[in-house]
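S.K.: Here is how the chains run, residue by residue.
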Amino acid sequence: MNCGDFADYVANLGTFKSRLALSIRPFIKTERLTYKELQERVYQTAHFLASKGVGSGDRIMIIATNSPEWMELFLGTQLIGAILVTVDAASSLATVLRFIEETQPKLVFRSRHLHPDLGHQVTTYAVDGLRALIDQYPRTAPDIAINGESPGLIVFTSGTTADPKGVVLTQNNLLANISGIRRTIDISADWRLLSVLPLSHMYELTGSLAVLSDGASIYYLSRVTPLAIATALREYRITTLLAIPQLLVLLLERIEHTVAEEHKAWLFNAASKIAGFMPFPMRRLLYGGVHSRLGGHLTLIVTGGAPIPIEVASAWENMGVRIVQGYGLTETSPILTVNGLKKRMLNSPGRPLFNVQLRIADNGEIQAKGPSVFGGYWHNPEATEAAFTADGWFKTGDVGRLKDGWLYIQGRLKFAIVLSSGLKVFPEDVELVASKNSVLDAVCVVGEPQADGESVLAVVTSNKSDEEVDKAIAEVNAHLESFQHIAKWRRWPNGDFPRTRLLKVDRRRVQEWANSSVSEVKTKTSSIVGKRDPLLDVIRLSLGKPNAEIGEADRLSDIGLDSLRRLTLIALTEEYLGISVAEQNVTPTTTISDLRKLLCEGSRTEVSRPLPTWPFKPWVRLVGNGLRETIIRALLRIWVKMDVEGQDNLQDLELPAIFIFNHTDDFDGPVIYQAIPHPIRKKLAVAAADDVLHKHRILALVIRLFYAGFNLSRSEPYMPSLEYISQIMDDGWSVVLSPEGSISTNGELQPFKSGVGLLAVELGVPVVPIKTIGLCGTLPLHAKWPKSHSHVKVRVGQPIKFGNDGSYDEVTEKLHQRMLML
Amino acid sequence: MIGVDLVNISEFEQQIHLGGKAFLKKAFATSELQDQRVHHLAGLWAAKEAVIKAAGAAPQKMTEIIIVFDSSGRPHGKFGPEEFEISIAHHGGYAISVACIVKE
Numbered sequence: 054m055n056c057g058d059f060a061d062y063v064a065n066l067g068t069f070k071s072r073l074a075l076s077i078r079p080f081i082k083t084e085r086l087t088y089k090e091l092q093e094r095v096y097q098t099a100h101f102l103a104s105k106g107v108g109s110g111d112r113i114m115i116i117a118t119n120s121p122e123w124m125e126l127f128l129g130t131q132l133i134g135a136i137l138v139t140v141d142a143a144s145s146l147a148t149v150l151r152f153i154e155e156t157q158p159k160l161v162f163r164s165r166h167l168h169p170d171l172g173h174q175v176t177t178y179a180v181d182g183l184r185a186l187i188d189q190y191p192r193t194a195p196d197i198a199i200n201g202e203s204p205g206l207i208v209f210t211s212g213t214t215a216d217p218k219g220v221v222l223t224q225n226n227l228l229a230n231i232s233g234i235r236r237t238i239d240i241s242a243d244w245r246l247l248s249v250l251p252l253s254h255m256y257e258l259t260g261s262l263a264v265l266s267d268g269a270s271i272y273y274l275s276r277v278t279p280l281a282i283a284t285a286l287r288e289y290r291i292t293t294l295l296a297i298p299q300l301l302v303l304l305l306e307r308i309e310h311t312v313a314e315e316h317k318a319w320l321f322n323a324a325s326k327i328a329g330f331m332p333f334p335m336r337r338l339l340y341g342g343v344h345s346r347l348g349g350h351l352t353l354i355v356t357g358g359a360p361i362p363i364e365v366a367s368a369w370e371n372m373g374v375r376i377v378q379g380y381g382l383t384e385t386s387p388i389l390t391v392n393g394l395k396k397r398m399l400n401s402p403g404r405p406l407f408n409v410q411l412r413i414a415d416n417g418e419i420q421a422k423g424p425s426v427f428g429g430y431w432h433n434p435e436a437t438e439a440a441f442t443a444d445g446w447f448k449t450g451d452v453g454r455l456k457d458g459w460l461y462i463q464g465r466l467k468f469a470i471v472l473s474s475g476l477k478v479f480p481e482d483v484e485l486v487a488s489k490n491s492v493l494d495a496v497c498v499v500g501e502p503q504a505d506g507e508s509v510l511a512v513v514t515s516n517k518s519d520e521e522v523d524k525a526i527a528e529v530n531a532h533l534e535s536f537q538h539i540a541k542w543r544r545w546p547n548g549d550f551p552r553t554r555l556l557k558v559d560r561r562r563v564q565e566w567a568n569s570s571v572s573e574v575k576t577k578t579s580s581i582v583g584k585r586d587p588l589l590d591v592i593r594l595s596l597g598k599p600n601a602e603i604g605e606a607d608r609l610s611d612i613g614l615d616s617l618r619r620l621t622l623i624a625l626t627e628e629y630l631g632i633s634v635a636e637q638n639v640t641p642t643t644t645i646s647d648l649r650k651l652l653c654e655g656s657r658t659e660v661s662r663p664l665p666t667w668p669f670k671p672w673v674r675l676v677g678n679g680l681r682e683t684i685i686r687a688l689l690r691i692w693v694k695m696d697v698e699g700q701d702n703l704q705d706l707e708l709p710a711i712f713i714f715n716h717t718d719d720f721d722g723p724v725i726y727q728a729i730p731h732p733i734r735k736k737l738a739v740a741a742a743d744d745v746l747h748k749h750r751i752l753a754l755v756i757r758l759f760y761a762g763f764n765l766s767r768s769e770p771y772m773p774s775l776e777y778i779s780q781i782m783d784d785g786w787s788v789v790l791s792p793e794g795s796i797s798t799n800g801e802l803q804p805f806k807s808g809v810g811l812l813a814v815e816l817g818v819p820v821v822p823i824k825t826i827g828l829c830g831t832l833p834l835h836a837k838w839p840k841s842h843s844h845v846k847v848r849v850g851q852p853i854k855f856g857n858d859g860s861y862d863e864v865t866e867k868l869h870q871r872m873l874m875l
Numbered sequence: 016m017i018g019v020d021l022v023n024i025s026e027f028e029q030q031i032h033l034g035g036k037a038f039l040k041k042a043f044a045t046s047e048l049q050d051q052r053v054h055h056l057a058g059l060w061a062a063k064e065a066v067i068k069a070a071g072a073a074p075q076k077m078t079e080i081i082i083v084f085d086s087s088g089r090p091h092g093k094f095g096p097e098e099f100e101i102s103i104a105h106h107g108g109y110a111i112s113v114a115c116i117v118k119e
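Order-wise, the sequence lines are chains L and Y.
Numbers in my numbering are just positions in the first sequence, counted from 1, shifted up by 53.
Numbers in my numbering are just positions in the second sequence, counted from 1, shifted up by 15.
Don't read these hints as lab results, they were simulated from the structure.
Every value quoted in this text rests on a predicted model; they were computed, and no experiment measured them.
C-beta atoms are modelled at their ideal positions from N, C-alpha and C, and glycine is treated no differently.
Be a bit skeptical, because a hint or two may be false.
[What the hints assert, rightly or not] Listed next, the in silico DSBU-like pairs over lysine-lysine satisfying Cα-Cα at most 35 Å (straight line): (1) L/Lys806 with Y/Lys40; (2) L/Lys557 with L/Lys598; (3) L/Lys748 with Y/Lys40; (4) L/Lys806 with Y/Lys118; (5) L/Lys598 with Y/Lys118; (6) Y/Lys118 with L/Lys395; (7) Y/Lys76 with L/Lys598; (8) Y/Lys40 with L/Lys598; (9) Y/Lys40 with L/Lys650; (10) Y/Lys41 with L/Lys854; (11) L/Lys650 with Y/Lys41; (12) Y/Lys40 with L/Lys854; (13) L/Lys650 with Y/Lys76; (14) Y/Lys118 with L/Lys867.
[Claimed, not checked] Stretch by stretch, here's where chain L covers chain Y in the computed footprint (C-beta under 8 Å, at least three residues): (15) 28 to 36; (16) 41 to 55; (17) 75 to 86.
[Stated by the list, open to error] Quick list of simulated restraints, FRET-style, between CB atoms: (18) Y/Lys118 with L/Leu146: 47 to 55 Å; (19) Y/Val117 with L/His173: 41 to 49 Å; (20) L/Gly597 with Y/Arg52: 53 to 61 Å; (21) L/Ala185 with Y/Lys118: 40 to 48 Å; (22) L/Val745 with Y/Asn23: 42 to 50 Å; (23) L/Thr644 with Y/Arg52: 17 to 25 Å; (24) L/Gln870 with Y/Leu21: 34 to 42 Å; (25) Y/Leu21 with L/Thr642: 19 to 27 Å; (26) L/Glu863 with Y/Gly71: 26 to 34 Å; (27) L/Pro641 with Y/Val117: 27 to 35 Å.
So here's chain L without its partners, still in its complex pose (with noise of 0.2 Å):
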């Protein structure tokens, strides 16, 4: 694929035809877009808005997390040569007001939850309403012609303190990065890749690109939560992420902390002296457990953002995860260098790609030029100017040296510290070391203004005392060359830093405090992930205000926590903490010493076990299956006649289906199973009792080698259950459950428990009622061997299906009407 413009890479998209494209799931089903129906939706999009009066050169903002109409949109704007003005979701209102000034969107396209007032100053629509607003539009290509060369993308860097300056990147940029990319590295079709970091960045947004021209799958969280990520890493076996560093260090002090937890350090860190010297595959089955938690599958991040420290990197690699680093700008559309899958260091963020031109400049500045390096900012002819040399070099403002074609970064040029005596200090390599020091909990160096000069003062973070952090210090500077001593120290005053949204520190802010004598600061964001006070943080979070001053004393109702906000908290200690207090015990007198003590007795709350995924595999099932055919087939004729009346009901059935018996007996499922036809046996799971799979072990290997067992939960919390039967139908796999939950001792019908009403009214798949009469006592419920050789007839049932606006008891009730009619 060459560089022409968006339409020859919508024009690609669709020959990748049925392969998944997109996917998100809002709540219990996913939504899967093939390549094809994402292709059509480019198009009915780019028609829409060309119906609204958008046109060549005219700009479309959108502010929304991630999701496939995200990418809809901004395939869709480019199909008609308009310009799509990205604005990052956790922006305040003041800011998007700001850039809706500056760029003069014909439309904004928000995420519901988000600025609900900016209906007023500007046509605004729901981007989850995309669809109904798209759906009579044409699904061809639009007969518009478009220029690569014409700008396609605005992004803002830098937030509202300092000035936001709007890159302005063609089509052409964009492309040509993405083809710079995939020269470097082998995107394969059978990637799967979960997006965590916003589209409204570049690093995200050219890297779906990427892997969208080469027919993998990526995958959408509609919130990105710690406990949401760890799930979807499982469910959706994901191969691929791109991550920043923080996300790398954090993930990783989670498996360490999940494996002391469970006495397994020992056999860890055995494991990590040896990883080293094994081949890949070897070092993903030494840490088989891990990997299981994180899937199974994932084999490969890229990260970039910030440098990786090279202990976290080196981790990664020991487990059998690949750890690429690249390097870039929002100006350079992002990618500069990036490590290739082969040839891949853990120092370097690696080469430049194949059309970008790199020098260094005689401060240390690494330039850059190329076909993805950006034209200008929006409107800022003086900002633009400031950015190249007289010869048209993009300045970085990073410093590096270049060897032997690959890059190494020493620190950002206007943080650098100037000594009195000339000497450069990069506040990079001193923080390095100061991060290996458990007492500083983060450190920022910064320059401090001298008569003649700079010198080194270190701003950081620490619930330890004045006297240990002195020590610290000291033990920091005797790793450092002298020139690099830290001379003064000072405490940052509120909480964790400032943090960009990819969550580098502000160091711009934290200079302008340190510079300033004013030693009261705002902190603008809230890191959740720092290691502050995570309770707090928290309730902030459910407030909706980030710098609420919250004292031990204070009780919830004082700080403006009402019964509807009680509940958010709690659902958020879940996610966020993980651990689950009882509603009942969260009253507005609650006060907050009381709740941390409440945490600290709180129960874990519960993570999916992650479901075995093995009796899935092809391998597995041809054994299985074969196995089944064979022996199971033969000792069910020996103890049971089986007369099947109905089957030519199952014709025309559309797969996948749910099929649903009466339980009366321990045997039933295998007789039910041969009730049903060998096409559709041969992807057909069962749902079997959650505590009998875990009481009998054996047993549950039986059932999941033949009959592709899964764990259902019989008590009331099955939701999980239910996500997974979603899934693997999804796959295409049908299921066979027994609504009642339990068998019948007296062989009538029980009451359906009211999943399998939900289910088939949010899977819309069709529902199949199967009976067994006379089998009641072939094998009561504890007896070993089947008692009795007993003639068993077996009524298969009309498939029927329910629409999206039945009610879920209704449905259920329906069923059981159905069944007990059989």
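Given chain L, work out where chain Y should sit, using these hints.
M.R.: Same frame as chain L, now just chain Y:
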């Protein structure tokens, strides 16, 4: 006894977005989550709060209060052994509900 409650729909929407599935499962029973339009859920929440006020007692969990709609679309509340007549309305970005205990 009667009870009433008023809910700001967009604030409610924020809570749903913040608390996600965990929040929804704590606030509503599965049958109540059939219709997930925000204004509808906001109305259900208002109804539950109204029931609490009418009952004069708080539940241990919000899911102890169930709101069901009969075939004509009329809502009824159930909290423990007691039944409640309910009325819900939406307007101007707010959902409001009134609950009245049904005495034999």
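S.K.: Note whether the CB distance of glutamate 863 of chain L and glycine 71 of chain Y lies within 26 to 34 Å or breaks it.
M.R.: Given range 26 to 34 Å: holds, Cβ gap about 33 Å.
S.K.: Under 8 Å between beta-carbons, do enough residues of the segment 28 to 36 of chain Y, three at least, approach chain L for the coverage claim to hold?
M.R.: Since 9 is at least three, the answer is holds.
S.K.: So does leucine 21 of chain Y sit 19 to 27 Å from threonine 642 of chain L, Cβ to Cβ?
M.R.: About 23 Å separates the Cβ atoms of leucine 21 of chain Y and threonine 642 of chain L, which means 19 to 27 Å holds.
S.K.: Given the hint of 53 to 61 Å, is the C-beta distance from glycine 597 of chain L to arginine 52 of chain Y inside that range or not?
M.R.: 22 Å Cβ-Cβ, so the 53 to 61 Å window is violated.
S.K.: Mind checking the alpha carbons of lysine 650 of chain L and lysine 41 of chain Y for me, to see if they're no more than 35 Å apart?
M.R.: Roughly 22 Å separates the two Cα atoms, so the pair holds.
S.K.: Would you mind confirming whether the straight-line C-alpha gap from lysine 41 of chain Y to lysine 854 of chain L stays at or under 35 Å?
M.R.: The hint holds at about 30 Å.
S.K.: What's the verdict on lysine 118 of chain Y and lysine 395 of chain L, does the C-alpha distance respect the 35 Å limit or exceed it?
M.R.: 76 Å, violated
S.K.: Could you see if the CB distance from valine 745 of chain L to asparagine 23 of chain Y stays within 42 to 50 Å?
M.R.: Once the Cβ atoms are compared, 47 Å apart, the range 42 to 50 Å for asparagine 23 of chain Y and valine 745 of chain L holds.
S.K.: Are lysine 40 of chain Y and lysine 650 of chain L close enough, with their CA atoms no more than 35 Å apart?
M.R.: Cα-Cα ~24 Å, so holds.
S.K.: At least three residues with a C-beta closer than 8 Å to a C-beta of chain L: is that true for the segment 75 to 86 of chain Y?
M.R.: Check passed, 3 qualifying residues.
S.K.: Would the hint linking lysine 40 of chain Y and lysine 854 of chain L be met if the CA-CA limit is 35 Å?
M.R.: 26 Å, holds
S.K.: Take the C-alpha atoms of lysine 806 of chain L and lysine 40 of chain Y, compute the straight-line distance between them, and say whether it is at most 35 Å.
M.R.: 17 Å, holds
Of the numbered hints listed earlier, those contradicted by the structure are 5, 6, 20, 23.
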